[in-house]
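Here the structure of chain A is known, so what remains is to put chain B in place on it, guided by the hints.
Residues per chain, in single letters:
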Amino acid sequence: MRKLTGALLSGFTWFWILLAFFPIGWMVFTSLKTETDAATIPPTFAVPLSFDQYREVWDRDFAPYLLNSLFASITSTILVLAIAIPAAYGLSIRPVRKVQDVLFFFISTRFLPVAAAILPLYFILKTIGLLDNVTALALLYGAMNLPIAVWMMRSFFNDVPREITEAGQVDGANLRVEITRLVLPIVAPGVAAVALISFIFAWNEYFLALILTSDAARTLPPYLASFVDGRGQFLAVLSAASTMAVFPVVLAGWAAQKQLVRGLAMGAVK
Amino acid sequence: MTTRTMWRFGVPAAVTAGVMTLAACSGAGTGGGGEATAGGDGGESVELTLATVNNPQMKDMEELKSTFESEHPDIKVKFVQMEEGDLRAAVTADVASGAGQYDIVTVGAYEVPQWAQLGWLTNLSPALEADADYDVADLFPAVTDALSVDGDLYAVPFYGESSILMYNKDLFEAAGLTMPDHPTWTEVADFAKQLKTDDTAGICLRGKPGWGDLFAPLTTVVNTFGGQWYDTNWDAQVDAQPFQDAVNFYVDLLADAGQSDPVSYSFTECLNLVQSSKAAMWYDASVAASILEDESTSAVAGSMGYVHAPVEKTTESGWLWSWNLAVPNTTKNQVAAETFVKWATSKEYQQLVGETLGWTRVPPGARVSTYSIPEYEEAAAAFAPLTLDVMNAVDPKMPGVSPQPWVGVQYVTIPEFQDVGNQVAQLVADAIAGRTTVEDALAKGQTIAQEAGDKQK
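Taken in sequence, the protein lines are chains A and B.
Read in this note's numbering, the first sequence has 33 at position 33, and its numbers run on one by one without any break.
Read in this note's numbering, the second sequence has 700 at position 430, and its numbers run on one by one without any break.
For the record, the hints were derived by calculation from the structure and aren't laboratory data.
Even glycine gets a Cβ: it sits at the ideal position worked out from N, Cα and C.
Hints may contain errors.
Which bits of chain B does chain A cover? Going by a derived footprint, with three or more residues having C-beta under 8 Å, they are [claimed, not checked]:
#, segment
1, 318–325
2, 535–543
3, 643–652
Facing chain A, according to a computed beta carbon distance under 7 Å, are these residues of chain B, among others [as the list claims (entries may be wrong)]:
#, residue
4, A369
5, S546
6, T567
7, A571
Extracted from the complex, chain A is given alone in its bound form (with noise of 0.2 Å):
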């Protein structure tokens, strides 16, 4: 009976697995396709398959939009990391007045819809000159990832036994010491996890990258819908530019997953 649920179990998970995993393994398959045979209806299995797709993307001036997503991802995960950090420290292991109305401050600060602001922010920006500009928009990624960054930041810190930093100021550690040795060793599986989700975050952004660039500082996201035709077909390069485009989300995330894993539980315990 035993042997017989643990089978059970195992089946349900690999099928929860294969269908989670099916929309990005068509997505592959597609890119692989003619355009033709991607938009046959009922779809079809036993076709030629090639690399033209990619080609066809890369062709279409891939590398800078790449670039410009890895610069505003990664600067605008190390910005959120750098201020989230001790802001999160703050709020935990020495935790000012009033912490419960600072983190509702930061946390209502996610309220506003963007579509709200955008007008005002594209008029500041026009007005000093940074439309088009791949550093203003990673300083907006920032801005808007460092709520939710100071939220798990410090749930992380909250986590942290109160007598290793004890210990730490009885033996004269500064504050500089006690956050670098002493606490963001014990916490790194969770800065892994706000910095994956932080750059995850930034990394599929779509709606200020379309508003605010329109040709240096453009992202992959709005440079993916432009394979969206509108009088064409368009499912099997769009299938390729997008496997393009998730791949090096996959490999942070491939990179990170064993702290990933560990960071995303903390907490879960107590």
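Only chain B this time, still in chain A's reference frame:
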């Protein structure tokens, strides 16, 4: 530093630094748009930024821009391609705020007169008329009517289209049916019901909510049924009997003989269905014919027939749409931008497309002379004469049976129409999906439309 530490920290740091450097070198982080358009009409080298919809004809333009650049070594053209909805959002923000990121923009026929009246676009008439080789009179009059304000052209059509009925001749022959050249909607509905099978739709029609999706074909049905969005006093007519009859007919036709799940279908979905021989008829943009007849990509090339848009109370019922090139007032490179616009919409460009990329890829519906190019006539024999007929017959000033206070067939040329059209389209899509009745949907639609109409009074 140990090897393990180096891999954990050194490699990611090196990759990050590399990306930053490359991004900086590629122009990221700088105000690229400003640099690109510096200089301008003073004789120095200029890079024009062109925002365009990513339709096949526009991609062809980008492919051929090197010819222009070799003829004009001091002008480079950078294309920024966008999906239609994105283009509207990005270009509207740019032009309305005077940001000046784009030197040339692709604008739909719906926006051109509104933007011209707001003073956002350059009047192109002086530049076009000053060029003896540029034959302005050769542009389709119906199209230029829609792009003019007080007789001045504020955009030039790159390609234009109407709507036609396309049908699969093999399926019609197998069923013993004959399609007339000028069918009525009653006849089409009858054919569709006879041709409908479990795996083949009798007709494919757009059902995806959106003023440019569902309401493009549906407004032409409304027009030919005697309805209209507004009367001459800007009183909404959405719940009037002719509008109701048209929408009821459309919804019933989809239910009786249309494709399954119609609310997820627009142009591309119907194109795929027809190319798979899973739809016997399709009423949509005339530009679809050139895609269906492309032997390299279409399985139904040679099997399709094309006739005029179905009618009821009018003699013609095709829509009119064009994608046009315009020069925003904010450009610093007006002369260079006008030079490119003239080149891309010239007779010589059409020859270049035909000779370089193939004659079926010549942008249709912009110039009358296109239809007398022998090679084009031969390559596009299946649909070119019909397109010419329809484009000449369309009357954007009065497409239905009653006068209207705007110029346009399948849209109302007021800023509020995008929102009105989208909201009413969502209500009608709900009726198509069976979530509400047509009467209820149009009653709510009437209120929405009237609010916009009141602002025009």
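- Item | Numbered hints the structure breaks, given as an ascending list | The structure breaks hints 3 and 7; every other hint is satisfied.
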